[in-house]
Amino acid sequence: MVEFRMPSLGADMEDGTLVEWRVKSGDTVKRGDIIADVDTQKGLIEIEVFDEGTIDQLVIKEGEKVPVGTVMATITPAGEKISSKKETIPIKKETVITEKAKADAKKEPIKQPLKEGSTESHDRIKISPLAKKIAEEKGIDFSTIKGSGVEGIIVKKDIDLAVNMKVESHVEVTGSKKEIATQGVRAAIASAMSRSNREIPHFYLETRIDMSNALDWLKETNKARELKDRLLSVVLFIKAMAKAINEVPEVNAYWENGLKLKDVINIGFAVSLREGGVVIPAIPNAEQKSPSELMTFLKDLIPRARALKLRSSELSESTITLTSVGEGNVDKVFGVIYPPQVAILGFGNIVEEAWAENEAINARPVVHVTLAADHRAIDGYLGGRFLTALKNNLQNPAEL
Amino acid sequence: MKDQELKGTIFEILRKIAPDIDPEELEMDDNIREVFGIDSFDFLQFIIGLDDEFGIKTPEEDYGKITTLNALTTYIKSSK
Chain P
71 MVEFRMPSLG
81 ADMEDGTLVE
91 WRVKSGDTVK
101 RGDIIADVDT
111 QKGLIEIEVF
121 DEGTIDQLVI
131 KEGEKVPVGT
141 VMATITPAGE
151 KISSKKETIP
161 IKKETVITEK
171 AKADAKKEPI
181 KQPLKEGSTE
191 SHDRIKISPL
201 AKKIAEEKGI
211 DFSTIKGSGV
221 EGIIVKKDID
231 LAVNMKVESH
241 VEVTGSKKEI
251 ATQGVRAAIA
261 SAMSRSNREI
271 PHFYLETRID
281 MSNALDWLKE
291 TNKARELKDR
301 LLSVVLFIKA
311 MAKAINEVPE
321 VNAYWENGLK
331 LKDVINIGFA
341 VSLREGGVVI
351 PAIPNAEQKS
361 PSELMTFLKD
371 LIPRARALKL
381 RSSELSESTI
391 TLTSVGEGNV
401 DKVFGVIYPP
411 QVAILGFGNI
421 VEEAWAENEA
431 INARPVVHVT
441 LAADHRAIDG
451 YLGGRFLTAL
461 KNNLQNPAEL
Chain Y
-5 MKDQELKGTI
5 FEILRKIAPD
15 IDPEELEMDD
25 NIREVFGIDS
35 FDFLQFIIGL
45 DDEFGIKTPE
55 EDYGKITTLN
65 ALTTYIKSSK
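Line by line, the protein sequences give chains P and Y. Using this note's numbering, the first residue of the first sequence is number 71, and each one after it goes up by one. Using this note's numbering, the first residue of the second sequence is number -5, and each one after it goes up by one.
Rather than coming from a laboratory, the hints here were simulated on the basis of the structure. It cannot be assumed that every hint is accurate.
[Claimed, not checked] Only some residues are given here: those of chain P computed to face chain Y with a beta carbon under 7 Å:
| id | residue |
| --- | --- |
| 1 | N292 |
| 2 | L297 |
| 3 | D299 |
| 4 | L302 |
| 5 | R344 |
| 6 | I372 |
| 7 | R374 |
Think of the CB as a built atom: it goes at the ideal place given N, C-alpha and C, for glycine as much as any other residue.
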């Protein structure tokens, strides 16, 4: 039996409300199937399952709001006998989630063997009396806090930090459903960006790239294409970035008590919402997709992102971020890293600039690209190599 | 097709690609992309919509000619 838990769809997600079960007890599911719709700060998300098997029990009810890591359902893995005896999972309405359970849920929500009759609430939480008093006064659930004291004990400082985070992520929610969803996005951004600014020592590198070759190539290829198959420069940015990651994999990583390189290249693509806010769905295995495939992928992804209708895996799997707010009149963007990632690449608008080369000056289409990187994880040398690789890739668009 | 009908169809296409905007706010000489924050992705969808609805073919080099409602209605009438 495996437990299917409320997944974490990013560092900024604390809980989710089950809107609808798409399955019922006894249904068979396979990896990638959507089994529920969950309302989160990032909109209504389709939640996917990562195992094959049969739904045993739906533990939480539609309309219930539960913290990340809470068991939502139990699944009998394919090949295992379905138990005829219905055992009720002892989940209390206000489930206490330990830090370990939360961390496990973030990694692989359902690959946890179920311990018969046990709940995570049995784990003891170490907290100083003063910290406990303040937490209770301020209404902070300290079961989800990681202590910074000796042997992981939660101390006053940890509670103060949690109080600050609560204030930062609090946005008053009123208005229509769409407005509420947008305000939820605002709250999620507030929480993630505050954490980023507090924890990540950012440094910035900038380069400018001559886009003559890339734009000429685009013009030629688009001439031969049907309108609906035309490419945009952003797909070249995505592919050039993915290939540059192959050369400098250190930028494609999480910082979680040390640098953890990712073996997949899932580029988080920042999509701006017109009414304010931004969502960052992932483009999985971007290095394996051709520019045409990336374009097809974006055609499906962007409208769903703007409507705040994304799948759980799309919000939780990105390993590095690309932002291109430059369209319009912005020449440069210096991004804030989305934790626990270690880098964000920002593309400005493509503008015509004076370009000096071989003792001559002429006008060329140029894009300013900035890398914001986590100095705990990478240094200027690696960042420079990454930008150089990107630059070289964009000079050879036909090979992307 | 009268200008008013053309405008109505253009608004429908705009609403389809950007459901959260109100095209009625648009003045004839406003820059459509700037007023509604239409990025290159949405603009491509807009052109696809125009080509489908009006049976025209808009080459990439003409994108710069159709920035306002005025320019767009003239362009569509001359392309048909």
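Is the interface hint satisfied for L297(P)? The criterion is a beta-carbon contact with chain Y at less than 7 Å. holds (6 Å)
Could you check if N292(P) really has its C-beta closer than 7 Å to a C-beta on chain Y? N292(P) check passes; min Cβ-Cβ to chain Y is 5 Å, inside 7 Å.
Minimum Cβ distance from D299(P) to chain Y below 7 Å? violated (10 Å)
Return the status of the interface hint for I372(P): holds when the least beta-carbon distance to chain Y is below 7 Å, violated otherwise. holds (6 Å)
Would you check whether R344(P) satisfies its interface hint, that is, whether its CB is within less than 7 Å of any CB in chain Y? Since chain Y brings a Cβ to about 5 Å from R344(P), closer than 7 Å, the hint holds.
Quick one, is the L302(P) hint okay against chain Y at 7 Å, beta carbons? holds (5 Å)
Does the nearest C-beta of chain Y fall within a distance shorter than 7 Å of the C-beta of R374(P)? Not OK, violated: R374(P) not within 7 Å of chain Y, min 13 Å.
Against the hints set out earlier in the document, violations occur for numbers 3 and 7.
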